[in-house]
Amino acid sequence: MSRTPTPVLIAGGGIGGLATALTLHQLGIPCQIFEAVEQLKPLGVGINLQPNAVRELYDLGIDDTALGQVGVRCREWALLGLHGQDIYAEPRGLEAGYRWPQYSLHRGEFHMLLYRTVVERLGSEAVLRGHRVVAYRNHETGVSVQVETREGRQEFTGTLLIGADGIHSAIRAQMYPDQPPPHWGGTIMWRGTSPGVPIRTGASFVGLGTSKHRVVFYPITPVETSGLARINWIAEINVDDSAGRIKGDWSHAVDANEVVKHFSDWDFGWLNVPEMIRGATEIYEYPMIDRDPIPRWQDGHVVLLGDAAHPMYPTGSNGATQAIVDARILGRCLLDAGVTPEALQRFDAELCADISAVVLRNRGAGPFGILNLVEERCNNEFDDIEEVISTAEMEEFMARYKQAAGYAIETLNAAPATLPREIGQRVPHSSGAADYE
1 MSRTPTPVLI
11 AGGGIGGLAT
21 ALTLHQLGIP
31 CQIFEAVEQL
41 KPLGVGINLQ
51 PNAVRELYDL
61 GIDDTALGQV
71 GVRCREWALL
81 GLHGQDIYAE
91 PRGLEAGYRW
101 PQYSLHRGEF
111 HMLLYRTVVE
121 RLGSEAVLRG
131 HRVVAYRNHE
141 TGVSVQVETR
151 EGRQEFTGTL
161 LIGADGIHSA
171 IRAQMYPDQP
181 PPHWGGTIMW
191 RGTSPGVPIR
201 TGASFVGLGT
211 SKHRVVFYPI
221 TPVETSGLAR
231 INWIAEINVD
241 DSAGRIKGDW
251 SHAVDANEVV
261 KHFSDWDFGW
271 LNVPEMIRGA
281 TEIYEYPMID
291 RDPIPRWQDG
301 HVVLLGDAAH
311 PMYPTGSNGA
321 TQAIVDARIL
331 GRCLLDAGVT
341 PEALQRFDAE
351 LCADISAVVL
361 RNRGAGPFGI
371 LNLVEERCNN
381 EFDDIEEVIS
391 TAEMEEFMAR
401 YKQAAGYAIE
411 TLNAAPATLP
421 REIGQRVPHS
431 SGAADYE
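Those letters in the sequence shown? Residues 1 to 437, by the numbering used here.
I should point out that these hints are in silico values taken from the structure, not numbers from a laboratory. All values reported here derive from a predicted model rather than from experimental measurement. Quick reminder that beta carbons are idealized off the backbone N, C-alpha and C, glycines included. Don't take each hint at face value.
[To be verified] What follows is a list of derived Cβ distance ranges for each label pair: (1) D64 x V119: 20 to 28 Å; (2) H83 x D336: 47 to 55 Å; (3) H83 x E125: 21 to 29 Å; (4) D265 x L128: 46 to 54 Å; (5) G364 x G123: 39 to 47 Å; (6) H83 x A399: 22 to 30 Å; (7) H83 x R137: 53 to 61 Å; (8) F268 x Q146: 39 to 47 Å; (9) F268 x P222: 41 to 49 Å; (10) A357 x G123: 33 to 41 Å; (11) H168 x G364: 17 to 25 Å; (12) E258 x E410: 40 to 48 Å; (13) I167 x P222: 28 to 36 Å.
The task is simple: from the sequences and hints, build the whole structure.
As structure tokens, then:
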């Protein structure tokens, strides 16, 4: 069944897809989102939005009032050793000198904020739920997609297709039918949220332990009258990867005791890890996976974005951030080159190689690589960290990562806006003759 062509089709209604839709709306380009899930719910646990993403959200009109309803401003990023000793800490967001804050928030609540904003601005018909894009076909002047629904398979046509359909992207699989399965390096993660008292600054992101055995935790809600906040936590262990994935059933709920047995003696007084784990209503097990980078994200009138383009380990806390930045840079390319394959070529040329390098850097532990250095040099046994690794060396390590990931302070603060906030609502069509009003 063929439908009236739409300028831009978006496969996937996650963070990347919704941010793209809001950007296109800002540009005056009609779009249609296809989301496989029939009922969107605030699923998931905590994520962080780095200042470069928050800047883009501000320019989309999503401000602190909205973000403050789904998260808190992060003030510090800290690493602690296996015995709770300080290794490294640095301010984050406004405290670090950025012009924009960093937010720690609940992924699902943030997702629903974006969805509500899309519905308010574009209308509820802009998101077709229960519609899974399973295939595409390039034509001389556009693209058609095959979409599976409860009623069967339907066809839609458009000028461009944005594949924002996640790590198991059908769009990417068609571009690269021989791609290997997701890469797993042997790390198992358990994730949950529990009530707790925020430590240090009260809004600190803390990594505690070693490169192969650690917990990461940070608040994602303000402190309530009870004195407690909702603490997002991730518990990780590294196991033998010689046989590949040791289980076939990933992303499933587990009992707290399954996790606690790996952290049974992690009670530091100021933090009781077993108690924190047992405080979670639900705990889910995930593999830490990504995919090998691909040489191009574009195929004619089709381009990948977000996790479909560059699924990465969460060690840098920049997966959602990069999806938002992707959407905005794509918007700038469309503003400059029109709704054309040339715009997709510019987007691919600007981001693919650099972000593929970040994927591999995260596979190498990202900013948590400092823990690798400590482990190599002293097996996590130290009284004074300066005798193991200097603050200057750690600061340089972090600076290199931030530069690669696109949120070095001086560079970001000095950078012009990706898109002007007030944009004329006219972007040329691929023919060069018609404009979208």
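Consistency of the hints with the structure:
1. D64 x V119: 20 to 28 Å: 21 Å, holds
2. H83 x D336: 47 to 55 Å: Given about 53 Å between the Cβ atoms, the range holds.
3. H83 x E125: 21 to 29 Å: At roughly 57 Å between Cβ atoms, E125 and H83 fall outside 21 to 29 Å, so the hint is violated.
4. D265 x L128: 46 to 54 Å: Holds, since D265 and L128 (Cβ atoms, about 51 Å apart) stay within the stated range.
5. G364 x G123: 39 to 47 Å: 44 Å, holds
6. H83 x A399: 22 to 30 Å: About 27 Å separates the Cβ atoms of H83 and A399, which means 22 to 30 Å holds.
7. H83 x R137: 53 to 61 Å: 58 Å, holds
8. F268 x Q146: 39 to 47 Å: For F268 and Q146 the Cβ distance comes to about 54 Å; the hint is violated.
9. F268 x P222: 41 to 49 Å: About 24 Å separates the Cβ atoms of F268 and P222, which means 41 to 49 Å is violated.
10. A357 x G123: 33 to 41 Å: With a Cβ separation near 39 Å, A357 and G123 satisfy 33 to 41 Å, so the hint holds.
11. H168 x G364: 17 to 25 Å: This hint holds: roughly 24 Å between Cβ atoms.
12. E258 x E410: 40 to 48 Å: 45 Å, holds
13. I167 x P222: 28 to 36 Å: 32 Å, holds
Hint violations for this structure: numbers 3, 8, 9, all remaining hints satisfied.
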